[in-house]
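J.: Single-letter residue listing:
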Amino acid sequence: MSFLEIKDLHVEVEGKKILSGLSLTVNKGQVAAIMGPNGSGKSTLAYVLAGKDNYNVTQGDVLLDGQSILELSPDERAAKGVFLAFQYPVEVPGVATMTFLRTALNAQRKRRGEGELSTPEFMKLVRETSGKLGVSQEMLRRAVNVGFSGGEKKRNEILQMAILQPRLAVLDETDSGLDIDALKIVADGVNRLRSPERSMIVITHYQRLLNYIVPDVVHVLAKGQVVKTGGKELALELEVKGYAEFVGEAA
Amino acid sequence: MNVELHPVKTDAEQALSAAYTFARGRLPGKGDIADLREDAFRRFETRGLPHRRVEEWKYTDLRALMRTAYPSPPAPDALARARVRNAGQILTGVDGRRLVFVDGTFAPELSDLTEEEGLTIGSLAEALAKADPLVMAHLGKTFVTEDVGVALNTALMGDGAVVRIAAGLTLRQPIHLIFATSNDRPSASFVRSLVVIEAGAQATIIESHDGASSQVNSALELLVGDDARVDYVKIAHGRGLQVASLLASVGARATFNSFAFAADAQLVRNQSFIRFAAEGTKAAMRGVSLLRGRDHVDNTLLIEHAAPHCESREQFRAVLDGESRSVFQGKIVVEPHAQKTDAKMLTRALLLSETAEADNKPELEIFADDVVCGHGATAGALDPGLTFYLMSRGIPAKEAEALLIQAFIDETIEEIAHEGIRQALMFASLRWLGARK
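Protein sequences appear in the order of chains A and B. With the working numbering as the guide, the letters of the first sequence map in order to residues 1 to 251. With the working numbering as the guide, the letters of the second sequence map in order to residues 1001 to 1437.
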């Protein structure tokens, strides 16, 4: 059954049209890859789903469980289970990673009417999760992403995802800037979170990531629209042929 | 030279002149002290209240801001004393020795005068009246300045603390000078304190002002001996006008840290005049100002490197909401023989509203050729990218902003060595943030 439904979505950023009639459905538990050339609107889609300011939806809708989320603020969307793993996770000086995780988790739980987690419960959750992702206690004590390497930042994103347990995870070019070892750690982390209750959108320019996070379906995005949909073999095909045939076409 | 003829007097200036003329014969101290007052008063008479064309007061136009001069308050009665019991409450939980001043007058019965060997505590009014040798030796000589704010204090100083910490003594607990205003009737006080920290002694000195509708002109002379360590914390809170001067002379190989905290303070001018008189001193002057409404907080520092191999750091941060205004002016003077000086200042302002204003003015005057000096200043709003990142994790906008602001503040507060004071100021910041609309 369809969990996320994007219907004829038109989006402008600073007066420039980026998405022009994008339609897409992601089923419950499905992992959908979105591939496309630079400038096709992949990151815009990620930001629109998360609710970033200045991404102006001029037409269409985004439904989660049949309800529009476009009027919701980013934190309200997060409480409904939307999570964006950033392509470039930002550094947050002065806010310790532990404080950040705890504030975020409890804010979501509060909004959903669940009780806050006790300190021991929270510590246990973080300890277990961070261990699997190779996130050290020392990293957890540091300010969020400050002084982290590219790989550490991406692992920190997946750690947040594992703690927050979203229903829809959007991974925006999670492979960018990672060497093969770091990529494997991150992909393993993502794969552990695959579940019939969790849908994922994996945005990537390259097929490489999809060797490790194998998608159920692949959509090709070009000029702000989905131009082709297929199985995981479509990714391999693109790896060989490139995006030339889509870039050349009129939108 | 800033000397300028100033024939037309404002109401406030006339009232201040009248106050001095009236009080001249009754203020404590004769002889040298009376001369000191007279000189200072003449400086005020010549120049008037400092205004925007006086460079050091450019952003805090005292002549315009101080419409009237309030009268001196009556001697505090039992009721007045009872009213100030909560003074200095920002630091509740800090185990300090409280020395309380009510409307500018020492209140020994509200103060902790338990004896500690090597520590001498007294009132300035008494010390002046009996020409106490310590006061006669140092008062007005710690840092000689032409500043009119200091001159007014010298002319009209009534009471204050006189503290001597003997050589080698490490104080058991911080000394907390509490200056409190007892009521809502407008009143003015001129308090002057002298704290002498002898060689090798270690002390934490806190000065806090919580005023209602008052005008407070305070000055603290701090003599830091060789190899001594002094942590000085100044707290401003409450409605009223406050001009607070720190006049410090720091000896060889000493450690000197200062921290100026202001939250919900209406109009504050903190001015620090600090001289590194001998080699090897390490000093850090820091501050956090939290402003909203029409609050105005000015931190102006003059640091004189008068000896080689001294290190100074200045770090000031302000968070501004509403139509508030923060001022930072940092001037570092490196004298010709003060080689190997290492001096840096950094000021950052976080603007939460379109109508707030932060004025940052760093100045370097370097007369030595082998030094490292630097300054930096930033002013800006919260980074929307950061706010979005936090919100995308489920943290509501208000909470996300509070987290980011608190982080901005704490990075400076964390530098305070005394844990209790550090915690108290972080808590005070949280309260300030909690009251944000």
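Just so you know, these hints were derived from the structure itself, not from any lab. It cannot be assumed that every hint is accurate.
[Said to hold, decoys possible] Calculated lysine-lysine pairs in the DSS-like style (CA-CA distance at most 30 Å, straight line):
#1 B:Lys1437 / A:Lys124
#2 A:Lys153 / B:Lys1398
#3 A:Lys80 / A:Lys124
#4 A:Lys110 / B:Lys1331
#5 A:Lys80 / B:Lys1058
#6 A:Lys241 / A:Lys52
#7 B:Lys1398 / A:Lys80
#8 A:Lys52 / B:Lys1340
#9 B:Lys1009 / A:Lys110
#10 A:Lys52 / B:Lys1398
[Claimed, not checked] For each label pair, taking beta carbons as the anchor points, the in silico distance ranges come out as:
#11 A:Asn38 / B:Ala1368: 49 to 59 Å
#12 A:Ser136 / B:Arg1172: 34 to 44 Å
#13 B:Arg1185 / A:Ser118: 24 to 34 Å
#14 A:Glu128 / B:Ala1199: 35 to 45 Å
#15 B:Lys1141 / A:Ala96: 21 to 31 Å
#16 B:Pro1108 / A:Glu128: 54 to 64 Å
[Said to hold, decoys possible] Some chain B residues well away from chain A (every beta-carbon gap over 12 Å; in silico):
#17 Val1054
#18 Leu1079
#19 Gln1089
#20 Gly1093
#21 Asp1132
#22 Pro1384
#23 Leu1386
#24 Leu1390
#25 Lys1398
#26 Glu1399
#27 Ala1402
#28 Ile1405
#29 Gln1406
#30 Ala1435
This structure is a prediction, so every number in the text was calculated from the model and none was measured. Where a beta carbon is used, it is the ideal one built from N, C-alpha and C, also for glycine.
J.: 21 to 31 Å was suggested as the range; check whether the CB atoms of Lys1141 (chain B) and Ala96 (chain A) agree with it.
T.: This hint is violated: roughly 47 Å between Cβ atoms.
J.: Please confirm whether Asp1132 (chain B) is truly not at the interface, meaning its C-beta sits more than 12 Å away from all C-beta atoms of chain A.
T.: At about 47 Å from chain A, Asp1132 (chain B) clears the 12 Å cut-off, so the statement holds.
J.: Since Ala1435 (chain B) was said not to touch the interface, does its Cβ keep a gap of more than 12 Å from each Cβ of chain A?
T.: Label holds. Min Cβ-Cβ 20 Å, cutoff 12 Å.
J.: Between the beta carbons of Pro1108 (chain B) and Glu128 (chain A), is the distance compatible with 54 to 64 Å?
T.: holds (60 Å)
J.: Are the Cα atoms of Lys241 (chain A) and Lys52 (chain A) separated by 30 Å or less?
T.: violated (34 Å)
J.: Taking 34 to 44 Å as the hint, is the beta-carbon distance of Ser136 (chain A) and Arg1172 (chain B) inside that range?
T.: Holds, at about 40 Å.
J.: Taking 12 Å as the cut and beta carbons as the points, is Leu1390 (chain B) off the interface with chain A?
T.: violated (7 Å)
J.: Does the claim that Val1054 (chain B) lies outside the interface with chain A hold up, using a Cβ gap greater than 12 Å?
T.: About 37 Å separates Val1054 (chain B) from the closest Cβ of chain A, which puts it past 12 Å; holds.
J.: Could one say that the CB atoms of Asn38 (chain A) and Ala1368 (chain B) fall in the range 49 to 59 Å?
T.: holds (54 Å)
J.: Is the straight-line distance between the alpha-carbon of Lys1009 (chain B) and that of Lys110 (chain A) 30 Å or less?
T.: violated (61 Å)
J.: Does Pro1384 (chain B) sit more than 12 Å from chain A, CB to CB?
T.: Nearest chain A Cβ is 7 Å from Pro1384 (chain B), so the label is violated.
J.: Mind checking the hinted window 24 to 34 Å against the Cβ distance between Arg1185 (chain B) and Ser118 (chain A)?
T.: violated (51 Å)
Going through the hint list in order, the structure does not satisfy hints 1, 4, 5, 6, 8, 9, 13, 14, 15, 22, 23, 24, 25, 26, 27, 28, 29.
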